[in-house]
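Colleague: All chains, full assembly: derive it from the sequences and hints.
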Amino acid sequence: MYKEHPSFIPPDDADIKIWRYMDFTKFVAFLDSKSLWFTRADRFGDP
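For the sequence shown, UniProt numbering assigns the number 1 to the initial residue and increments by one for each residue that follows.
It is worth saying that the hints were derived from the structure and are not from the lab. Take the hints with a grain of salt, since some may be wrong.
Capping the alpha-carbon separation at 25 Å, the derived lysine-lysine pairs in PhoX-like fashion look like this [unchecked claim]:
{"no.": "1", "residue 1": "K3", "residue 2": "K17"}
{"no.": "2", "residue 1": "K34", "residue 2": "K17"}
{"no.": "3", "residue 1": "K34", "residue 2": "K3"}
Pairwise CB distance ranges, derived in the manner of DEER restraints [stated by the list, open to error]:
{"no.": "4", "residue 1": "D46", "residue 2": "D23", "range": "13 to 23 Å"}
{"no.": "5", "residue 1": "M1", "residue 2": "G45", "range": "28 to 38 Å"}
{"no.": "6", "residue 1": "I9", "residue 2": "A41", "range": "17 to 27 Å"}
{"no.": "7", "residue 1": "F8", "residue 2": "F30", "range": "12 to 22 Å"}
{"no.": "8", "residue 1": "M22", "residue 2": "D42", "range": "11 to 21 Å"}
{"no.": "9", "residue 1": "F8", "residue 2": "D46", "range": "16 to 26 Å"}
{"no.": "10", "residue 1": "M1", "residue 2": "D42", "range": "25 to 35 Å"}
{"no.": "11", "residue 1": "G45", "residue 2": "K3", "range": "24 to 34 Å"}
{"no.": "12", "residue 1": "L36", "residue 2": "K3", "range": "18 to 28 Å"}
{"no.": "13", "residue 1": "Y2", "residue 2": "G45", "range": "29 to 39 Å"}
{"no.": "14", "residue 1": "Y2", "residue 2": "S35", "range": "19 to 29 Å"}
{"no.": "15", "residue 1": "F38", "residue 2": "I9", "range": "13 to 23 Å"}
By construction, the Cβ of each residue, glycine as well, lies at the ideal position given by its N, Cα and C atoms.
Modeller: Next up, the structure:
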């Protein structure tokens, strides 16, 4: 059963494009493998 998480703020537009957040190569790999890919948190540039 789906439940909304209080920390998650959904986008205003439910039809927002996912490619805005990932490059095309990763998107195709996501579709092909049917699995998600996550970057390690220590690899992000922000502190």
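Colleague: All hints are to be evaluated individually against the structure, with a verdict given for each.
Modeller: Do the hints match the structure? See the list:
1. K3 x K17: Satisfied, since the Cα-Cα distance of roughly 22 Å is no more than 25 Å.
2. K34 x K17: The hint holds at about 18 Å.
3. K34 x K3: holds, 23 Å
4. D46 x D23: 13 to 23 Å: Holds: the Cβ-Cβ distance is about 19 Å, inside 13 to 23 Å.
5. M1 x G45: 28 to 38 Å: Distance hint for M1, G45 holds at roughly 37 Å.
6. I9 x A41: 17 to 27 Å: holds, 20 Å
7. F8 x F30: 12 to 22 Å: Distance hint for F8, F30 holds at roughly 20 Å.
8. M22 x D42: 11 to 21 Å: At roughly 19 Å between Cβ atoms, D42 and M22 fall inside 11 to 21 Å, so the hint holds.
9. F8 x D46: 16 to 26 Å: holds, 19 Å
10. M1 x D42: 25 to 35 Å: Holds, at about 34 Å.
11. G45 x K3: 24 to 34 Å: Since G45 and K3 have Cβ atoms about 32 Å apart, the given range 24 to 34 Å holds.
12. L36 x K3: 18 to 28 Å: Because 20 Å falls inside the window, the suggested range holds.
13. Y2 x G45: 29 to 39 Å: The hint (29 to 39 Å, Cβ to Cβ) holds, given that Y2 and G45 are roughly 32 Å apart.
14. Y2 x S35: 19 to 29 Å: holds, 20 Å
15. F38 x I9: 13 to 23 Å: holds, 20 Å
Of the numbered hints stated above, none is contradicted by the structure.
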